[in-house]
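Student: Sequence:
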Amino acid sequence: MQEFSLTDAQSQAIVDMRLRALTGLERSKIETELAELQKKIEEYRAILADKNKLLTVIKTEISLIADKYGDERRTSIGYDEYDLSMEDLIPDEACVIARTNMGYVKRMTPDNFKSQHRGGKGIKGMQTLEEDYIEDLFMTTSHHVLTFFTNTGRAYKLKAYEIPEAGRTSRGTAIINLLQLAAGETITAVVPVKIEDIKDNDYLFMATKNGIVKKTPCKEFANIRKNGIQAMTLRDDDELIEVKLTDDTTEVMMVTKLGMCIRFKATDVRPTGRSAMGVIGMNLMDTDEVVGVQLNTQGDTMLIVSENGMGKKTDISEYAVQHRGGKGVKCYKITEKTGNVIGAKAVDDTREIMLITTEGIIIRLACRDISTLGRITSGVKLINLDDNVKVATVSKVRKNPSDEDGNEAEEFSEEDNTKAADTSVAAEGDADNSLDELLDAAMKDNQED
Numbered sequence: 117m118q119e120f121s122l123t124d125a126q127s128q129a130i131v132d133m134r135l136r137a138l139t140g141l142e143r144s145k146i147e148t149e150l151a152e153l154q155k156k157i158e159e160y161r162a163i164l165a166d167k168n169k170l171l172t173v174i175k176t177e178i179s180l181i182a183d184k185y186g187d188e189r190r191t192s193i194g195y196d197e198y199d200l201s202m203e204d205l206i207p208d209e210a211c212v213i214a215r216t217n218m219g220y221v222k223r224m225t226p227d228n229f230k231s232q233h234r235g236g237k238g239i240k241g242m243q244t245l246e247e248d249y250i251e252d253l254f255m256t257t258s259h260h261v262l263t264f265f266t267n268t269g270r271a272y273k274l275k276a277y278e279i280p281e282a283g284r285t286s287r288g289t290a291i292i293n294l295l296q297l298a299a300g301e302t303i304t305a306v307v308p309v310k311i312e313d314i315k316d317n318d319y320l321f322m323a324t325k326n327g328i329v330k331k332t333p334c335k336e337f338a339n340i341r342k343n344g345i346q347a348m349t350l351r352d353d354d355e356l357i358e359v360k361l362t363d364d365t366t367e368v369m370m371v372t373k374l375g376m377c378i379r380f381k382a383t384d385v386r387p388t389g390r391s392a393m394g395v396i397g398m399n400l401m402d403t404d405e406v407v408g409v410q411l412n413t414q415g416d417t418m419l420i421v422s423e424n425g426m427g428k429k430t431d432i433s434e435y436a437v438q439h440r441g442g443k444g445v446k447c448y449k450i451t452e453k454t455g456n457v458i459g460a461k462a463v464d465d466t467r468e469i470m471l472i473t474t475e476g477i478i479i480r481l482a483c484r485d486i487s488t489l490g491r492i493t494s495g496v497k498l499i500n501l502d503d504n505v506k507v508a509t510v511s512k513v514r515k516n517p518s519d520e521d522g523n524e525a526e527e528f529s530e531e532d533n534t535k536a537a538d539t540s541v542a543a544e545g546d547a548d549n550s551l552d553e554l555l556d557a558a559m560k561d562n563q564e565d
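Quick note: the sequence shown uses this note's numbering, first residue 117, plus one each step.
Any given hint might turn out to be false.
What the hints assert, rightly or not - Calculated pairs, DSS-like style, for lysine-lysine (alpha carbon to alpha carbon, straight line, at most 30 Å):
#, residue 1, residue 2
1, 167, 155
2, 184, 145
3, 443, 497
4, 275, 315
5, 506, 453
6, 275, 167
7, 155, 145
Hints were generated in silico from the structure; no laboratory data involved.
Produce the complete structure using the sequences and hints provided.
Tutor: Okay, structure coming up:
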């Protein structure tokens, strides 16, 4: 044992071998195997000693695994259909849906947000990826059907409760895990409706960034396949940006990023099928594009917000009704201080709005606190922004009509915002919306927003 440097276990293994096995061992074969093992040991030690080599090996092996097992998923998680459906067990309650520019979506309860006065700093509304921001935020109910429209003019549907619920600062779920979007498709508009409430004269009014509009009966979207349907045919350089639920009594207002606005009757646009391209709704300048589409039934004033946090309200009566296809009138005075217009909402003083920045910061403001000014003005400061931060979008919610408990309401800002507001939210008695009132408001506003 000592002469050959054998351990007890090795010696015992040799003793246990039959004589025929011992004589069959070839010395050259053993020496070759030893050399190969020593070579592998040296290679493995070299890999473990070099981080770059180790990462290269890991990437290569992961790629091999992906190529071998990366077939399409053949199973799906669904609901079994018994006497009671899954929907019957889900309460029909108010909820807030948030969607980011990079395609994340989540469902939240309305009590995540409370009111501030204009000029505050806001609260973190969603943990976003780098260069991502909240693009759309609206209130609905859990049983509503959400019709998602994409930049390519396609439509998809999803029940609100099918969107996973998450906390205020959670990133949410990638929309591609919920909808079968094609490559290059992004969500640009979401319309919540209840199928049983659709009437014969209800239409989906669509608008593109180049000012093209069309109107299609809602019933043509009652049965949407899982892989979506074509809602509007677009030119190569155009995108669908907004979809509204309308009827024959409404008037449409389109606002552009360079501060122009046109108002015309919805009846100026005749109903067409899903695959139609549409007609000219607004004649735009070369560098201009549409950033907002609103209806006269949504409020008595037009709120316009700029990318640098400025904004104002203007009476809708100041916008004269004209025929579609015109250039419109000036609705906002753009300066270096204001930046371009990023959104417009028709509101009244019972409304509240939410401003969402490119950093995912949200501030909720009462519309009554925003000045009502003339058409050709720039407005007042709505939110204080840090350097290189812009307002990404503006959304609206309903204000709680009364709050009698007098309890102090928690503001969005973690800092002292008294310099930005004349009085605190607590002094106004602004508390969070109750669930029942939010449910009533959401049901009432489905056809408005």
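Student: Taking the hints in turn, state whether each one holds.
Tutor: Against the structure, the hints:
Taking the CA atoms of residue 167 and residue 155, the gap is near 20 Å; set against the 30 Å cutoff, the hint holds. A C-alpha spacing of about 34 Å is found between residue 184 and residue 145, which places the hinted pair above 30 Å, so the restraint is violated. Among the hinted pairs, residue 443 with residue 497 is consistent with the structure: their alpha-carbon atoms are about 28 Å apart, no more than 30 Å. Among the hinted pairs, residue 275 with residue 315 is consistent with the structure: their alpha-carbon atoms are about 20 Å apart, no more than 30 Å.
This hinted pair checks out: residue 506 and residue 453 have alpha carbons roughly 12 Å apart, not beyond 30 Å. This hinted pair does not check out: residue 275 and residue 167 have alpha carbons roughly 47 Å apart, beyond 30 Å. With a C-alpha separation of about 16 Å, the suggested pair residue 155 and residue 145 falls inside the 30 Å cut-off, and the hint holds.
Comparing the model with each numbered hint stated earlier shows that hints 2, 6 do not hold.
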